[in-house]
Amino acid sequence: MKKAKFAKFCTVILLLSSSPLISVAAETAGLDYERARWHPIHFKPAIDSATNEQCLECHQAILDRKVKEQSPAGVKATNALAWYQTLDVYQGEQETFHRRHLVTPMAKQLMNLQCNFCHQGHDPREEAPIPPTTKASFTLRKMVNPETTCLKCHGKYDYKVMGLPGPWTENGKLFNNNCMICHQAIRTNRHQVTYLNAEAIEKAGQENSDTCYGCHGGRQWYRISYPYPRHPWPGQAPVVPDWAKDRPTESEARFRK
Amino acid sequence: MSNTAKSLASRLNMTRRSFLKMSAGTMAIAGGLVHRDGKAFAYEPYLRDDDLTTVVTSCAHNCGSRHMLVAHKKGDVIVRLSTDTGEYQGDSWNTDTEEVPQLRACLRGRSYRSRLYSAERLLFPMMRVGERGEGKFKRVSWEEALSFVAEKMEYIKEKYGPTALLDQSYAGASWGVLHKSDQITGLLGRFLGMYGCRTSSWSVPSYQGTTFSSRMTFGTIKDGNEDDTFAHSKLIIMWGWNPAYTFHGGNTFYYMRLAKQRGCKFVLIDPQYTDSASTYDAWWIPIRPNTDAAMLAAMAHYIFVNNLQDQEFIDKFTQGMDAGTMPDWAKDRENFKDYILGTYDGQPKSPEWAEPICGVKAADIKKLAEMYATTKPAALKASWAPGRNAYGEQYNRMAAAVQAMTGNIGVLGGCSEGVGKAWSPKSSAYPQDKYKNIWKQSIKSDRWAHCVLNYPNVKREEIGLWPRSDNTDGQIPNIKGIFWQGSDWFNQLTNINKEIEAIKKLELVVCMDSTITPSGLWADILLPIATHFERHDAALPWYKGHYYIHRPKVIEPLGESKTDFQVFTELAYRLGFGEKYNPKATRDYFDNNEEVDEVYLREWWENQVMAKQHVELTWEEFKKRGVYKFKLKRPHIAFQDNVEKGKKWYTPSGKIEILSTKLARYTDWTKTAYGYEIPAIPKWIEPWEWLGSEKTQDYPFHLVSPHPRWRTHSIFNNIGILRETYEQEVTINASDAKRLGIKTGDTVEVWNGRGKVVVPAYVTERCMPGVAVIHEGAWMDLDENGVDRAGNPDFLTDDNPSPAGAFAYNTVLVNIKKTELAHRPGWDKLATARSQVFRRESSF
Amino acid sequence: MSETQSSPLKIIRDAIKRHKRETYTPVVPDVQFGFVHNNVDCIGCRACEIACKDKNGLNPGPRFRRVQYIEGGTFPEVYAYKLNMSCNHCAEPACLPTCPTGAIFKRKDNGVVDIDSTLCIGCRRCEAACPYGAPQFDPSDGLVKKCNMCIDELEAGRKPYCVMACMMRVLDIGPIDQIRAGAYQTKAIGPGETTVRAVKNLANPELTNPSIAFVPHNKGRVEEDSQQEEN
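Chains as they are written, first to last, in our numbering: chain A, 1 to 257; chain B, 1 to 844; chain C, 1 to 231.
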């Protein structure tokens with residue numbers, strides 16, 4: 001590491017004191033990496049109130065870094081096709097995972113993801129919580145548990161639950177590829193959570209169902225779906241179907257508006 | 001279907017049906033606009049093992065084992081390393097039986113390529129240009145370097161006499177049958193001895209208390225069973241033993257898994273719940289460090305009081321176990337049983353007596369004693385670490401007494417270790433003639449700094465001067481120079497701050513190694529030594545395991561490095577005794593050593609291995625295969641013939657000497673190498689620092705510094721791929737940490753009157769309260785105030801050895817607090833793992 | 001080069017785009033190979049890890065295989081065990097469909113999920129998608145790499161370096177169905193021992209159906225945890 005950069009790196013870390021909103025860079029000239037990585041902001045409870053600005057003071061590189069223009073064998077990024085790029089509504093370049101979720105125009109328009117939406121604190125040893133549990137916010141070898149993060153937006157929707165005759169890819173045409181034909185009425189308030197821009201999503205969904213499909217329809221690369229809370233909507237039948245039993249009826253407190 | 005797929009299927013034990021279902025070919029997913037299908041490897045052409053030249057060799061560092069490494073090379077470059085697959089001895093691929101197991105290398109061995117090609121590799125002779133210890137060197141030619149050393153040697157010998165050069169070679173990175181560094185049969189000892197100027201270092205840091213005990217009790221250090229015998233025990237008591245960390249000998253750790261599968265129960269006596277405890281599902285009995293002899297005495301008490309001892313074994317084979325086994329000449333002396341029962345001092349050494357000393361409940365001591373005395377066969381493995389203490393020899397002597405009183409010696413599944421050295425390989429390929437191990441004086445190894453700093457006002461007992469039979473007996477050596485060969489002792493001996501004071505008084509410090517080491521930074525001259533990949537030799541396990549591994553020259557020596565044998569031979573020629581030193585060599589050996597080395601090695605194989613160990617495999621065939629594994633006619637069990645056939649033990653009495661004839665007959669202890677009295681029977685003696693001492697008011701933690709898994713002592717500390725797998729940290733119990741306000745990851749300083757180190761803390765329930773653990777071997781890294789930022793515990797250890805010579809590495813009290821001082825985790829932080837991840841200018 | 005409405009390249013592009021958008025069918029291998037690891041008898045020595053690093057020429061940083069140390073209890077009633085994973089070569093890998101360049105693929109013959117890092121542009125989506133931390137970003141070249149079960153060794157009729165490195169013989173590979181059924185002869189599973197699909201702290205195996213089996217420690221059993229919570 002170059003000296004100037006290292007010095008800067010050292011100065012950006014600090015003791016998180018009473019207010020979690022103070023600059024993480026405020027104190028601590030000379031605090032080394034050994035100490036920095038054990039800084040309380042990386043753990044509960046401080047991480048729950050950490051702002052993106054605080055995180056990025058040290059971790060800005062995660063957004064500065066872009067994909068390589070081409071792979072070692074010559075595959076050009078402009079020729080690569082990520083799944084989301086197959087959508088009509090998507091505009092823009094090939095992007096890295098973090099930029100795609102945080103700073104691309106579509107991310108800014110529809111989402112309000114915070115670093116701590118996924119990163120909920122983990123052991124810097126990247127080993128297990130003590131004692132072992134099935135209820136960890138991170139899993140072995142992984143800082144983030146996809147089951148409680150990624151699945152909140154991406155995941156397989158059971159077409160049978162939705163009452164469709166088959167998968168959307170085969171049956172979408174029957175509905176003119178328009179989710180709103182049904183979901184104009186059958187609505188939940190699921191988008192009313194802090195990590196999404198609900199109004200913008202509603203608007204975008206009205207304009208083009210590709211936006212809906214972008215999150216809910218494709219990317220079926222996890223075999224299970226997220227047990228969303230079952231918010232009743234006006235006129236909803238009082239009977240809870242089997243698939244929805246045992247589900248919570250409210251979003252997690254930390255995401256409620 | 002191809003043949004390879006077929007053989008894979010059959011090797012993987014697949015059913016015929018699934019095997020027929022396999023088909024060749026791969027399929028790329030049309031994920032994007034790929035312009036070709038994905039291939040197996042990121043970089044083409046990828047050299048598969050079968051495209052490379054395969055050379056069988058071994059690891060070479062000082063851990064007691066030697067496991068197989070197989071170099072896969074292209075041209076003169078080793079591309080990767082693998083290990084034994086069973087096929088090199090001529091069996092089919094993956095043969096791995098209980099009788100002939102594979103010799104699989106550990107993580108340290110597997111990292112050897114990183115060591116071989118490390119940035120720390122010494123490639124040229126280097127001469128110091130700054131102050132000693134400042135670490136500034138310039139490159140010089142071999143001619144300059146050797147002339148400098150030879151001239152200095154002549155000057156020092158002339159001016160200060162025949163004891164002025166201290167031999168600190170050790171079995172570090174340089175150990176084979178031909179290129180060997182150790183104190184007794186090593187190349188340096190022969191070189192300095194023949195030159196006529198040598199003070200040797202007689203106590204072995206790892207286990208001097210243990211070897212002393214075995215020599216006194218059994219008359220030999222070969223008290224060990226072979227590794228496979230552990231599979232036959234019904235109870236294994238691991239006393240301070242952590243084979244899951246040390247990989248100590250052959251396949252010991254694996255045979256213990258087999259024992260577990262056969263119903264063996266395990267017990268661990270240790271301040272830490274180690275990975276050995278968890279793997280073998282052991283009953284963990286946490287014990288205060290340095291109190292092991294007291295607990296063993298209490299077990300003996302329980303066994304005697306309940307008459308559980310094997311009296312027939314005692315009567316037949318022991319001396320001094322009880323009144324009935326006392327020899328006539330010692331009838332008025334203390335016997336062991338009466339000491340235990342308190343006949344002499346009115347204090348029975350009962351479990352209740354031991355409880356407050358050891359921190360172990362009396363009920364647990366009784367339960368363990370009952371288990372051990374009634375389970376047959378049972379192995380009480382009294383390992384080395386509890387012997388690296390003040391009066392550590394008493395622990396090992398006490399353990400041997402308990403082993404003997406239960407009759408667990410000389411039987412399959414029992415254990416009389418101790419040292420543990422078992423089957424004996426033929427270990428020297430160069431002359432073991434009258435020039436072997438000539439020494440003018442010999443001192444306890446950890447007393448050199450004390451000797452240098454106080455010369456000439458030093459008493460012989462302070463430095464453990466070995467007695468001589470000539471008129472130089474008792475002369476204090478006037479040490480003015482040190483040779484390090486394959487040793488990093490400056491970093492590894494006790495009380496480094498005292499060493500730093502002493503080394504400033506020397507006039508010549510020579511370091512011979514393949515990498516720069518922390519010791520090397522304090523040298524005047526650095527001589528680059530070829531690694532074992534770069535010279536011809538053979539490997540053997542000196543501790544357990546019965547095999548030889550051939551070590552051909554795999555690649556040409558890097559840079560200008562030469563073998564240590566070449567360097568000593570060349571220096572010997574310059575000093576006038578080259579022909580005697582290396583009788584098979586010619587004057588050009590420095591540039592041309594291969595033919596000579598081949599002759600030495602072939603003669604070793606033919607005249608020693610083939611002639612004396614019933615081996616029929618020829619030298620040429622051995623070289624071709626790369627390994628020879630012995631199939632022993634019966635499991636090798638120490639003292640089996642003594643028990644079954646009445647063979648005498650190698651002690652003065654021919655018996656297991658619980659009462660030592662030698663010790664009982666010393667009258668003037670100052671004239672012995674020990675310097676201070678050692679009781680003739682094993683006794684609990686209070687150490688000078690422990691949790692029961694008043695010193696705990698200032699220093700409330702007892703520090704132990706066990707061997708790490710990720711280094712062999714200090715070797716491999718610079719290897720990034722190992723370095724990223726651990727922290728050099730202090731382990732403390734959660735309740736202690738809470739009291740001190742310390743959490744895992746906090747940087748703390750650990751200090752006492754001898755020094756201070758800075759390390760991160762690891763807070764756990766797996767460590768006994770009051771105990772702190774820092775693994776030995778971190779490469780020292782001093783700040784401007786002399787604080788070690790790397791966390792080398794030997795800044796805290798005491799250079800005062802136990803009377804029998806045991807290093808008191810584990811007799812250390814310290815204090816701990818959170819600190820603002822910096823910890824530096826590696827030799828070069830930016831070259832180590834985590835910094836690689838966090839190097840911000842990269843495209844992270 | 002501009003593409004007209006009817007140019008062949010444009011047609012191919014659109015077809016691929018449509019295909020990718022609408023279908024993802026995981027490869028169903030002829031035989032799915034997987035790892036088996038004994039959590040209890042593993043001494044945690046990491047010989048497998050270092051053998052892997054050396055074989056794959058990795059610097060400090062990316063670690064294809066990682067042995068993890070798990071501990072619990074209160075002094076002196078403590079316990080510890082190990083968990084050892086590289087890539088689990090999932091039946092339905094989450095990494096694969098995230099890749100924009102086709103660098104990740106699943107082999108039809110043995111189910112190995114392989115990556116050709118020369119096709120990687122470093123977007124790190126696979127790294128995020130994998131529930132088990134298998135894809136490893138290498139900061140020295142900005143590429144993602146991962147375990148391919150030493151496919152070169154498999155093709156040569158041998159087992160991967162990690163398996164052949166295991167000093168305790170507690171890590172092995174084989175047809176995962178046979179391993180789970182107890183029908184596969186391996187030293188990794190001791191007499192009387194059975195395997196499970198998941199242990200505590202492992203991401204939910206329902207996500208991707210990873211091809212790995214563990215001989216669990218009693219304290220690592222998932223079932224025990226739910227029982228405790230009921231109590």
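Some hints could be false.
Said to hold, decoys possible - 25 Å max Cα-Cα, derived DSS-like pairs, lysine-lysine: (1) Lys219/C with Lys66/A; (2) Lys316/B with Lys260/B; (3) Lys17/C with Lys68/A; (4) Lys316/B with Lys645/B; (5) Lys631/B with Lys108/C; (6) Lys645/B with Lys631/B; (7) Lys631/B with Lys234/B; (8) Lys738/B with Lys44/A; (9) Lys260/B with Lys234/B; (10) Lys818/B with Lys44/A; (11) Lys434/B with Lys234/B; (12) Lys108/C with Lys260/B; (13) Lys219/C with Lys173/A; (14) Lys187/C with Lys234/B; (15) Lys265/B with Lys17/C; (16) Lys135/A with Lys265/B; (17) Lys426/B with Lys436/B; (18) Lys265/B with Lys108/C; (19) Lys584/B with Lys553/B; (20) Lys44/A with Lys743/B; (21) Lys648/B with Lys316/B; (22) Lys76/A with Lys17/C; (23) Lys366/B with Lys376/B; (24) Lys135/A with Lys219/C; (25) Lys219/C with Lys76/A; (26) Lys17/C with Lys260/B; (27) Lys173/A with Lys17/C.
If you are wondering where the hints come from, they were derived from the structure by calculation, not from laboratory data.
A quick look at each hint next to the structure:
1. Lys219/C with Lys66/A: violated (43 Å)
2. Lys316/B with Lys260/B: Violated - the C-alpha atoms of Lys260/B and Lys316/B are around 33 Å apart, more than 25 Å.
3. Lys17/C with Lys68/A: holds (22 Å)
4. Lys316/B with Lys645/B: holds (12 Å)
5. Lys631/B with Lys108/C: violated (44 Å)
6. Lys645/B with Lys631/B: holds (23 Å)
7. Lys631/B with Lys234/B: holds (24 Å)
8. Lys738/B with Lys44/A: Holds, at about 18 Å.
9. Lys260/B with Lys234/B: holds (9 Å)
10. Lys818/B with Lys44/A: Holds: Lys818/B and Lys44/A sit about 21 Å apart, inside 25 Å.
11. Lys434/B with Lys234/B: violated (47 Å)
12. Lys108/C with Lys260/B: Measuring from Cα to Cα gives roughly 40 Å; hence the hint is violated.
13. Lys219/C with Lys173/A: Violated, because 52 Å separates the two Cα atoms, which is more than 25 Å.
14. Lys187/C with Lys234/B: Holds, because 21 Å separates the two Cα atoms, which is no more than 25 Å.
15. Lys265/B with Lys17/C: This hinted pair is violated, its Cα atoms lying about 62 Å apart.
16. Lys135/A with Lys265/B: Not satisfied, since the Cα-Cα distance of roughly 34 Å exceeds 25 Å.
17. Lys426/B with Lys436/B: holds (16 Å)
18. Lys265/B with Lys108/C: Since the Cα atoms of Lys265/B and Lys108/C sit roughly 46 Å apart, the hinted pair is violated (cutoff 25 Å).
19. Lys584/B with Lys553/B: Given pair Lys584/B, Lys553/B holds - Cα atoms ~19 Å apart, limit 25 Å.
20. Lys44/A with Lys743/B: Roughly 14 Å between the alpha carbons, so the hint for Lys44/A and Lys743/B holds.
21. Lys648/B with Lys316/B: holds (11 Å)
22. Lys76/A with Lys17/C: holds (16 Å)
23. Lys366/B with Lys376/B: Judged against 25 Å, a Cα distance of about 17 Å means the pair holds.
24. Lys135/A with Lys219/C: holds (14 Å)
25. Lys219/C with Lys76/A: violated (49 Å)
26. Lys17/C with Lys260/B: violated (57 Å)
27. Lys173/A with Lys17/C: Distance of about 18 Å is within 25 Å: holds.
In terms of the numbered hints stated before, the structure departs from hints 1, 2, 5, 11, 12, 13, 15, 16, 18, 25, 26, listed from lowest to highest.
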